[in-house]
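Given the coordinates of chain A, assemble chain B onto it according to the supplied hints.
Listed in order, the protein sequences are those of chains A and B.
What the first sequence shows, in the numbering used here, is residues 25 to 502, in sequence order.
What the second sequence shows, in the numbering used here, is residues 32 to 499, in sequence order.
Everything labelled a hint here was simulated from the structure, so no lab data went into it.
Glycine included, C-beta positions come from ideal geometry on N, C-alpha and C.
Do not take every clue at face value.
[What the hints assert, rightly or not] Part of the chain A face toward chain B, derived, beta carbon under 8 Å: (1) T69; (2) I74; (3) A97; (4) L410; (5) S413; (6) Q477; (7) P478.
[Stated by the list, open to error] Computed list of chain B residues with no C-beta within reach of chain A, every gap over 10 Å: (8) P126; (9) D214; (10) A307.
[Said to hold, decoys possible] Simulated restraints on C-beta separations: (11) A/R440 to B/P127: 41 to 47 Å; (12) B/V291 to A/D234: 41 to 47 Å; (13) A/K435 to B/G96: 54 to 60 Å; (14) A/S147 to B/W358: 55 to 61 Å; (15) B/D226 to A/A248: 51 to 57 Å; (16) B/A341 to A/P253: 39 to 45 Å; (17) A/E231 to B/W358: 25 to 31 Å; (18) A/R440 to B/D474: 41 to 47 Å; (19) A/R440 to B/V371: 25 to 31 Å; (20) A/T321 to B/G55: 50 to 56 Å; (21) A/K340 to B/R253: 44 to 50 Å; (22) B/D226 to A/G83: 30 to 36 Å.
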Amino acid sequence: MTEFDAASAAVQAALDAGARYADARVMHRRYESMTARNGDVEELTQDESIGLGVRALVGSSWGFHAVPDLSDAAARDAGRRAARTAAASARVPGPPVDLVPVEAVTASWASDCRLDPLGVPLSDKGDLLVEATRTMVRHGADLAEGLYQIWDTAKWFVSSEGHRIDQRTRECGGGISATSIGDGETQRRSWPSYRGQYGTTGWELVESLDLGAHAAQIAEESRALLTAPPCPAGETDLILGGEQLALQIHESVGHAIELDRILGWEAAFAGTSWLDLAQLGSLRYGSELMNITIDPTIPGALGSFGFDDEGSPAVKRDAVRDGRWVGVLAGRDSAAMAGLDYGGSVRADGWARLPMVRMTNVGLEPGPHTLEEIIAATDDGVLMDLNRSWSIDDKRLNFQFGCEVGWEIKKGRRGRMLRNPTYTGIGPLFWRSMDMLSGETVSWGTPNCGKGQPGQTGHTGHPAAPARFRGVRVGVSA
Amino acid sequence: MNESTEIELAGQVVELVRRLGGSGAQAEAVVTRADLALTRFANSAIHQNVSESTVGVRLRLHVDGRTAAGSGSVVTADGLRALVERTLTAARLCPPDPGWPGLAPPVPVPDAPPVDEATAHAEPDERADRVRAFVAAAGDLTTAGYCRTSHRSSAFANSAGHTAYGSSVEAAMDGIARRDGADGVARRCADRLADLDGAELGAHAAAKARAAADPVELPPGRYEVVFEPAAVADLLQNLSWYGFNGKRYAERQSFAEPGVAQFDQQVTVVDDPLGASGLPFDAEGTGRRALTLVDAGTTRAVAHDRRTAADAGAESTGHAIAGGATWGPMARNLRLAGAVAGPASAVGRSTTGTAAGAVVDTDTAALVAGMRRGLLVTDLWYTRVLDPKSLVVTGLTRNGVWLVEDGTVVRAVRDLRFTESYPRALGPGAVLALGARPVRQPDRVDGTWWTAPSVRLASWHFTGGASG
Numbered sequence: 025m026t027e028f029d030a031a032s033a034a035v036q037a038a039l040d041a042g043a044r045y046a047d048a049r050v051m052h053r054r055y056e057s058m059t060a061r062n063g064d065v066e067e068l069t070q071d072e073s074i075g076l077g078v079r080a081l082v083g084s085s086w087g088f089h090a091v092p093d094l095s096d097a098a099a100r101d102a103g104r105r106a107a108r109t110a111a112a113s114a115r116v117p118g119p120p121v122d123l124v125p126v127e128a129v130t131a132s133w134a135s136d137c138r139l140d141p142l143g144v145p146l147s148d149k150g151d152l153l154v155e156a157t158r159t160m161v162r163h164g165a166d167l168a169e170g171l172y173q174i175w176d177t178a179k180w181f182v183s184s185e186g187h188r189i190d191q192r193t194r195e196c197g198g199g200i201s202a203t204s205i206g207d208g209e210t211q212r213r214s215w216p217s218y219r220g221q222y223g224t225t226g227w228e229l230v231e232s233l234d235l236g237a238h239a240a241q242i243a244e245e246s247r248a249l250l251t252a253p254p255c256p257a258g259e260t261d262l263i264l265g266g267e268q269l270a271l272q273i274h275e276s277v278g279h280a281i282e283l284d285r286i287l288g289w290e291a292a293f294a295g296t297s298w299l300d301l302a303q304l305g306s307l308r309y310g311s312e313l314m315n316i317t318i319d320p321t322i323p324g325a326l327g328s329f330g331f332d333d334e335g336s337p338a339v340k341r342d343a344v345r346d347g348r349w350v351g352v353l354a355g356r357d358s359a360a361m362a363g364l365d366y367g368g369s370v371r372a373d374g375w376a377r378l379p380m381v382r383m384t385n386v387g388l389e390p391g392p393h394t395l396e397e398i399i400a401a402t403d404d405g406v407l408m409d410l411n412r413s414w415s416i417d418d419k420r421l422n423f424q425f426g427c428e429v430g431w432e433i434k435k436g437r438r439g440r441m442l443r444n445p446t447y448t449g450i451g452p453l454f455w456r457s458m459d460m461l462s463g464e465t466v467s468w469g470t471p472n473c474g475k476g477q478p479g480q481t482g483h484t485g486h487p488a489a490p491a492r493f494r495g496v497r498v499g500v501s502a
Numbered sequence: 032m033n034e035s036t037e038i039e040l041a042g043q044v045v046e047l048v049r050r051l052g053g054s055g056a057q058a059e060a061v062v063t064r065a066d067l068a069l070t071r072f073a074n075s076a077i078h079q080n081v082s083e084s085t086v087g088v089r090l091r092l093h094v095d096g097r098t099a100a101g102s103g104s105v106v107t108a109d110g111l112r113a114l115v116e117r118t119l120t121a122a123r124l125c126p127p128d129p130g131w132p133g134l135a136p137p138v139p140v141p142d143a144p145p146v147d148e149a150t151a152h153a154e155p156d157e158r159a160d161r162v163r164a165f166v167a168a169a170g171d172l173t174t175a176g177y178c179r180t181s182h183r184s185s186a187f188a189n190s191a192g193h194t195a196y197g198s199s200v201e202a203a204m205d206g207i208a209r210r211d212g213a214d215g216v217a218r219r220c221a222d223r224l225a226d227l228d229g230a231e232l233g234a235h236a237a238a239k240a241r242a243a244a245d246p247v248e249l250p251p252g253r254y255e256v257v258f259e260p261a262a263v264a265d266l267l268q269n270l271s272w273y274g275f276n277g278k279r280y281a282e283r284q285s286f287a288e289p290g291v292a293q294f295d296q297q298v299t300v301v302d303d304p305l306g307a308s309g310l311p312f313d314a315e316g317t318g319r320r321a322l323t324l325v326d327a328g329t330t331r332a333v334a335h336d337r338r339t340a341a342d343a344g345a346e347s348t349g350h351a352i353a354g355g356a357t358w359g360p361m362a363r364n365l366r367l368a369g370a371v372a373g374p375a376s377a378v379g380r381s382t383t384g385t386a387a388g389a390v391v392d393t394d395t396a397a398l399v400a401g402m403r404r405g406l407l408v409t410d411l412w413y414t415r416v417l418d419p420k421s422l423v424v425t426g427l428t429r430n431g432v433w434l435v436e437d438g439t440v441v442r443a444v445r446d447l448r449f450t451e452s453y454p455r456a457l458g459p460g461a462v463l464a465l466g467a468r469p470v471r472q473p474d475r476v477d478g479t480w481w482t483a484p485s486v487r488l489a490s491w492h493f494t495g496g497a498s499g
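So here's chain A without its partners, still in its complex pose (with noise of 0.2 Å):
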């Protein structure tokens, strides 16, 4: 029994069961991570999962069911099982469900990949930690901590539409961190990112952040963060470093432009957004420097794929063009409900969770400035980055933010280095003070997007460069 056959029967029994459509995937995933701290690799773990997922949608109802068995009688009784859950569903009903038309396909997808990250022998890996970590501890680190992660995910998946996609995707990343400890604080600097940098690609993405090359400096940083003059507090111009303005895109757009919160479907928990759609196309996010697309097409970015997890295939869309917002992350059925003509951003963490809409590559469009040149041109402010802290309110408004570090701008030259640097604001007020823009965009990988019941862990990226903001708030402490 291959692993299309046991996504047909599932999807069958779903259908035999009282389904007017079902889809099933089947994925197998292994998984490798190791952390070193302090030159010893701290903990070594592999794991290997499979098993299948079924969606049936019974009248106007949900329901899924997972098994980890691949057999013919498991995957015709998940089948069933997801039917009768989809009719337990109809005791509290509501609106009627449809589908946005989406082509039905027989396809297969690949992600890119140079060096098989999981052919890499375990101790050139545990090495290059062991080595990075060592280094920082000599350059006076309490705490040196070294990490990488790796998926390697197989996917087959069946609809009663007639899909028949199989997709191979493997994703890593890593990065490294030292930590200072000092009188009732501490202070941590990273490289190349708080918990490292991740893409869609082979272990070529951990050489090319050359961990060892940067650990003195950060060890450095940290210790010396500890007597650093803290972060001012007041109204200032906030220049943002790349890695931090993705986390600022991930949570005050990326998650706002979900369509489930927006419909209200994620209400309890993750929260709902400020946006309404009736606003869809004409409301001013932010200032005509604010490009930001939606793209699971850009080679090697951790939120890149072939096709979505209810067959969609990969399309890059705008969701804010010249600061309008005019798209949104949606699935079939929630772009169906909002009157939209599109899914294409609904994914699932693994073979028993439910696919939802999620973040693919959310991510800004360069400006035409350098770094250098937006501080030349700021006369008083701070530069932060690095996250440290994160944290924004249940409509995707208030936001506070900390960094790992800050300088002082003066006359448009860097100064001193700020301790404990914080920011504060409103999204769309914060993205209409947006007044220069670099075009040194990285993808910055985010491998811990969290959302959803049960929960699950998204994979996204972050395409983004830094900025400046006028008049921003900053220097928020206890």
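Showing chain B alone in chain A's frame:
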């Protein structure tokens, strides 16, 4: 699968390690079957209804002085052999692990509370009926939330001859009612689905939402607060993860100082994993038991697994988790003790009529009655740590905030952002009163819960309003 199957599988894995890795190989295996189901509703209709039946095998082994861990979902003979082979290969390629603490000895684990079979085998109709009751009780308000049940059955075996078995069930319901952008919430965790009353919870959430209408903006600053149990749960979670974590403590990243009166003398915190249905052993097979973390204001202990305990010259407290070498041991079942003699007042007062529903229980009413000017806070949201050692946290209020003057709820307030050190806010002299009745709150994942009464604190630092 059943109990004997799970025990047998765990034993097979350990035996495979011995055969393939040699008699000197040390191994621990955990086999867990999980039946998890969650019925999710939004816009007053069920929109996601999911269930899963999964089996997982987790193996950690130590061979020739080196350690690795592996896990998988394939429990066929070939699948188990592949798991053992790849984990052995991984271990041999790892550098030496001089801190390996050895395996848990073969001692009996405590008895866990019995599981409710009806909850273990609950049908989707039973969850849907509770959702229907919640929605109906909220009347014309829009509702959203979930009802979930879980059943876990887990066997442990190690090559030191220690075995353990346990099963657990849990039911939880969490829902909001909303009108004109104002939300109210009701949230419960229980050992039996039968103990969850959808109608009661729906009415509770609706009363809060109705009372949250027409909120006003308040200026940032320090306010006296009454936190309801949902908000207190967030304090307990962050104190546990960042403070009472033996690894963070050893690395000087924790605020905890055992033996020091770090909290108000009214604060007693116990991790009580078997105070409700739960597995009786941790990821290393160590028996779980109650652990007093704070006793009348004095920090008494931090949580340990075998590795952190060995480092500290202590014994494991039964708090090992999968991945614990990195994250450290976690206490996930904290209970903040309530006041010994509960406050006397039984009635929440209001000048507006609509605000009366802000206070939905007598416990909270008594705390509100004692407040001259402050805020009643239902829930905290998106809390993130700015500094782990001082445990300064930022986050927002959610699901209802009200201004209290002279013991009376006077009106609803818009959500506020705060930035506050949690240990400092609970420090000596900072806790003005506790409610008498702790209420169990569910976490995102089953098996983790936080039990707390309402709490009145002298000061909480609100740093901004919803409009910035």
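To see whether the hints hold, each was checked on the structure:
no., hint, verdict
1, T69, "holds (5 Å)"
2, I74, "holds (6 Å)"
3, A97, "violated (13 Å)"
4, L410, "violated (14 Å)"
5, S413, "holds (4 Å)"
6, Q477, "holds (5 Å)"
7, P478, "holds (6 Å)"
8, P126, "violated (5 Å)"
9, D214, "violated (8 Å)"
10, A307, "holds (20 Å)"
11, A/R440 to B/P127: 41 to 47 Å, "holds (43 Å)"
12, B/V291 to A/D234: 41 to 47 Å, "holds (44 Å)"
13, A/K435 to B/G96: 54 to 60 Å, "holds (59 Å)"
14, A/S147 to B/W358: 55 to 61 Å, "violated (25 Å)"
15, B/D226 to A/A248: 51 to 57 Å, "holds (55 Å)"
16, B/A341 to A/P253: 39 to 45 Å, "holds (41 Å)"
17, A/E231 to B/W358: 25 to 31 Å, "holds (27 Å)"
18, A/R440 to B/D474: 41 to 47 Å, "holds (42 Å)"
19, A/R440 to B/V371: 25 to 31 Å, "violated (53 Å)"
20, A/T321 to B/G55: 50 to 56 Å, "holds (52 Å)"
21, A/K340 to B/R253: 44 to 50 Å, "holds (49 Å)"
22, B/D226 to A/G83: 30 to 36 Å, "holds (31 Å)"
Of the hints listed earlier, those the structure fails to meet are numbers 3, 4, 8, 9, 14, 19, in rising order.
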